[in-house]
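Asks: Keeping their order, the protein sequence lines are chains F and D.
Each step along the first sequence adds one to the number in our numbering, with nothing skipped, and position 19 is 19.
Going from the second sequence to our numbering is simple: count from 1 and add 1000.
Worth flagging that the hints you see were computed from the coordinates, not collected in a lab.
Incorrect hints may appear among the rest.
Claimed, not checked - Pairs of lysine to any residue, SDA-like flavour, derived with a Cα cap of 25 Å:
(1) F/K3 to D/L1144
(2) F/K35 to D/A1020
(3) F/K36 to D/L1247
(4) F/K3 to F/G19
(5) F/K35 to D/V1250
Unchecked claim - Only part of the chain F face toward chain D is listed, based on derived beta-carbon distances under 8 Å:
(6) S40
(7) G62
(8) I65
Backbone N, C-alpha and C define an ideal beta-carbon position, used for all residues, glycine too.
Given next are the chains, with one letter for each unit.
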Amino acid sequence: MTKSEAIQIGNAFVLQNRGVQGEPEHVQLMERAGKKRSWSLVYGAALFFPTEIAEGSVIDGGEYILTVDDVTGQVSQFAFSG
Amino acid sequence: MDTWAGQAANWTWNNVQDVARIGFGTFDVILGGSMIWTGAGTLPGIGLIAIGLDQIATGSMNIRYGRVGQGFSILEFGVYRATGSETAAFLAPGVLSLGFGTVGSLGRAGMRAGFTTADFAGKIPEVGTRLYGVGGLLYGTERLGNLGRYLSRRSVTLVLDADIELAGNAGAFIAHRNGTARLLLRTDPTAELVWHELSHFVQWRRVGPEAYMRFPRMSGNHVPEQFVFDLLQRPIRWDRLSPGYRLHMVDYIERLGGIGR
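Chain D with its partners taken away, still in its complex shape:
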């Protein structure tokens, strides 16, 4: 087979182990990056990226030097030296990836419990258009309970029925100097209102309490509210917002002097 396609097929066959190694490594890096980005799990994400880069580097080196899947990666070499078992060494990246991925998935599931609309249809029959004039489905008592437990494990207290404390009609996110926070909502919040406050939580958790508290909050440069706007403006989320809330988002960010792109 001396055609181009034949040579490519031969090359792939001869390097299939290392091509697979690079493919899995790339997947790990992407998955790890997404876990860090979404806040589902920073440490598992870093672990996955490390394993992925280790695999990509090893696969590339094996192909480059014609070792055809014979070279240990750094991780595998370490496991081999520790256990004396080649089998354990070659299984280690897969087992660790699975472990990190599972931990990250659990974190992601927790985020979903508080942040997506996947399960609100059918569970919450009442449409909240009577509330606040911007429409949207009510978040629902059951999900608020789940959200409260999720947040409490992350040093955030969910305060429901904060009607008296809240001068405006929606909610607030209060970051305290001791690294804790409170998320205040009024009675029967809509999903959009909860997402708004949760977006503050996402940023708070992503950058850390101290950095979050240092963000500028002035007209024309209100970093937290701009972050919320940008996060909710992403196509997948934006499509789930009620038309009234979309208008509200633009109006709100304009009133605070933000830039609604």
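With the rest of the complex left out, here is chain F:
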């Protein structure tokens, strides 16, 4: 799976589950010994707190982090973000 394909899958998942359209801030391929290759997609809190961002506030945490399986394209949500 290419990076752009992973992003497309992630974006669709975010739209479906959070009702928000947006692009991930960070995307990287996760390769770990003994684990499936997967893509990590980090959607920043700015997508989910537009009012606060418009007011000039700064948000730490509140990201929406997804894992997209590099082979199957299955999406799962990262344990949590802080």
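Take the given structure of chain F and dock chain D to it, following the hints.
Replies: Relative to chain F, chain D alone:
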């Protein structure tokens, strides 16, 4: 007594007042520094350091010039000139140290209410492994109430049950331009999740709202999340984290492009 040990004993006996003065001064400096470092109280901490340095300098000068505890320190001289009492002058450093130390201890106790695990054992029976898959004990309603009051006195609003606002599963720390902040948590947060958000609060309070908001937050240089990681990675805290949360911390900082040392 002309042996080395004898000379040392004689010297100590002759300078015991000033050695004690230097010892107490050093203690004050260390205590004051720790109060500033932990955010327990910056002003009391500075006060303690000032008194400590005053005492160290005076003790050293007394020993150097053979005054054997007779020299006033700057603080003592000031009190003597103000009151005309030698007793008040010599009591002043101790009384002020005690006062600053007490204020700092109260601040430290407040921090503990929100930040340590000292009292969670036994109070919160339910293990939160079902939540978020990373384990850890639930923080508990009672402590959340204490935390909310503690934060509100420091211009931070604790928002509980922020499940809908939070897209991810944990929490967020929102710093506003007017110098206030909001700390958002979901229902039934684990202690680790609360510590994570509180670590943002600690840094926000330590550097001040304006400086905090200017920190870089980009992949590879995310200062607030790196600070949280480094703070929780300290041995005393790290040992208290659940195994699942430790793995999560490393994973999370890697995903944000931070450097998990």
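Asks: Evaluate each hint against the coordinates.
Replies: Hint by hint, here is what the structure shows:
Distance hint between F/K3 and D/L1144 is unfulfilled; the C-alpha atoms sit about 41 Å from each other, more than 25 Å. Taken as a hint, the F/K35 and D/A1020 pair is broken in the structure, with Cα atoms around 61 Å apart against an allowance of 25 Å. This hinted pair checks out: F/K36 and D/L1247 have alpha carbons roughly 17 Å apart, not beyond 25 Å. At most 25 Å may separate the alpha-carbon atoms for a hinted pair to count; F/K3 and F/G19 meet this at roughly 22 Å.
Taking the CA atoms of F/K35 and D/V1250, the gap is about 16 Å. The hint holds against a cut of 25 Å. A distance limit of 8 Å between C-beta atoms decides the matter here; for F/S40 the minimum to chain D is near 5 Å, and the interface restraint holds. The interface hint given for F/G62 is met, as the beta carbon of that residue sits about 3 Å from the closest beta carbon of chain D, less than 8 Å. The beta carbon of F/I65 comes within 6 Å of a beta carbon in chain D, closer than 8 Å, and the hint placing it at the interface holds.
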